[in-house]
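Peer 1: Each residue of the sequence shown is one higher than the one before, counting from 1 in this note's numbering.
Here are the simulated DSS-like pairs of lysine-lysine, each with C-alpha atoms no more than 25 Å apart in a straight line:
#1 305 / 330
#2 102 / 42
#3 174 / 191
#4 407 / 330
Note that these hints are calculated values from the structure, not bench results.
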Amino acid sequence: MNEPIVFKHSALIGQFALIQLLASPLVAVGMLYCLTLLYGAKFDGEFRVLAVLVVVLSPMILRRPQVGALTILPRWGSIAVGLLMRWLVLLAVLLAIGYATKVSAEFSRRVILTWAVVTPAPMILVAIALHELIRRFMHSPSNARSAVIAGYNDVSVALAQRIRANRELGIQVKGFFDDRSSGRLGLPEGKDLLGGLSELAAYVNAHNTDVIFIALPMRQVQRVVELLDDLRDTTGSIYYVPDIFVTDLIQSRTADIFGIPVVAMCETPFHGYRGTVKRLTDLSIGITALILLAPLLLLVAVSIKFDSPGSVIFRQRRYGLDGEIIDVYKFRTMTVTEDGQEIRQATEDDERVTRVGRVLRRYSIDELPQLFNVLQGSMSLVGPRPHAVAHNEEYRRLIKGYMVRHKVLPGITGLAQVNGCRGETSRLEDMQARIEYDLDYLRHWSLDLDLRILFRTAILVFHDRGAY
Numbered sequence: 001m002n003e004p005i006v007f008k009h010s011a012l013i014g015q016f017a018l019i020q021l022l023a024s025p026l027v028a029v030g031m032l033y034c035l036t037l038l039y040g041a042k043f044d045g046e047f048r049v050l051a052v053l054v055v056v057l058s059p060m061i062l063r064r065p066q067v068g069a070l071t072i073l074p075r076w077g078s079i080a081v082g083l084l085m086r087w088l089v090l091l092a093v094l095l096a097i098g099y100a101t102k103v104s105a106e107f108s109r110r111v112i113l114t115w116a117v118v119t120p121a122p123m124i125l126v127a128i129a130l131h132e133l134i135r136r137f138m139h140s141p142s143n144a145r146s147a148v149i150a151g152y153n154d155v156s157v158a159l160a161q162r163i164r165a166n167r168e169l170g171i172q173v174k175g176f177f178d179d180r181s182s183g184r185l186g187l188p189e190g191k192d193l194l195g196g197l198s199e200l201a202a203y204v205n206a207h208n209t210d211v212i213f214i215a216l217p218m219r220q221v222q223r224v225v226e227l228l229d230d231l232r233d234t235t236g237s238i239y240y241v242p243d244i245f246v247t248d249l250i251q252s253r254t255a256d257i258f259g260i261p262v263v264a265m266c267e268t269p270f271h272g273y274r275g276t277v278k279r280l281t282d283l284s285i286g287i288t289a290l291i292l293l294a295p296l297l298l299l300v301a302v303s304i305k306f307d308s309p310g311s312v313i314f315r316q317r318r319y320g321l322d323g324e325i326i327d328v329y330k331f332r333t334m335t336v337t338e339d340g341q342e343i344r345q346a347t348e349d350d351e352r353v354t355r356v357g358r359v360l361r362r363y364s365i366d367e368l369p370q371l372f373n374v375l376q377g378s379m380s381l382v383g384p385r386p387h388a389v390a391h392n393e394e395y396r397r398l399i400k401g402y403m404v405r406h407k408v409l410p411g412i413t414g415l416a417q418v419n420g421c422r423g424e425t426s427r428l429e430d431m432q433a434r435i436e437y438d439l440d441y442l443r444h445w446s447l448d449l450d451l452r453i454l455f456r457t458a459i460l461v462f463h464d465r466g467a468y
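With the hints as extra help, turn the sequences into a complete structure.
Peer 2: Encoded structure:
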């Protein structure tokens, strides 16, 4: 469940969610208004436009991504760090808009700088206060709904364990119903087993049970139909937990197509507003980085030109989103520009690497031209690193699920790279480890995760021994 759909007071949960959504932009606009009064500026014209932009952009950028029911109530530290990082993204977006429209000079710098530095503190305090209020509400016994599970198996046991470990879900699991005895199931007598499947409907009526989870294997479809028929005479909410969820799913979710229910088993994480947030983050940080790094890019280009003959920029064909071939830009660091059916990976002390190229590769400066790929939309700041076409064709036959990584745009950096999986992949196990991190990124994407990866990448640049 991606939302707390089984609370008794679901209307109040919706109201809490709306308050959380509005709290941050209201605090930000309130602080802006107070600071204009404090410094004797007028809250009109450009400041009103800024306030409108904050209100419009905040629900997309400042909203905490929901990555599952198990993260409904995060730790306070996670709230503070996540909100601070998303505030920096919002500031970057506003800066990019101001630069593009040439209106940044119209603002009082003292007001804007103070606002940028001071606002996160009250914003975080309000977020934590709301978090504590929601936590107390969710943990209230009056909010909890009683639940039973039909079927005792790995899926149902895992479901019960997760519900019991997370009180904020508002569910109390009373036990299981299964036609097998306690002895066959390996349960102590009377422990958790409430009866056979035929006794389920009577128990639900007698105990006013709120929720019934049916966790029978799909091969027992007839038994599931019979249970649903028996439960028609109850008022309990019924959820089916199919056993397909024991397989490795990527961004699974349910939906319907003109009334026909479907289950997404492998999908991109960037559906709906998430794709907009991802693209805005790429553009705002990408544009800012290019502006700040422009002198360095020019210096590197001149150094390459004087160091060895050849072009400054090296283009290599790689697989992008959905397996489409894209041209990836890099500063040339070798005396060769391989892009054929066979490409030899760079090794330590590789004789093909130029003098300037060795420095560029050591600090990953050769990757900076990929910021132009990001602006083009063929790459993202964070995502699975793109491999040369020749390497893709080799490994897609050797590693199961290899091509799933192409459900998202490739990135300049990624989860694999900040966890030490970069450089030469001389063994198949090296590439398998990299792919597992890539798939884990798809499973658990959030804006917080992207920002943490970017932060760790910036630190890693200065002490990564795996770069050569």
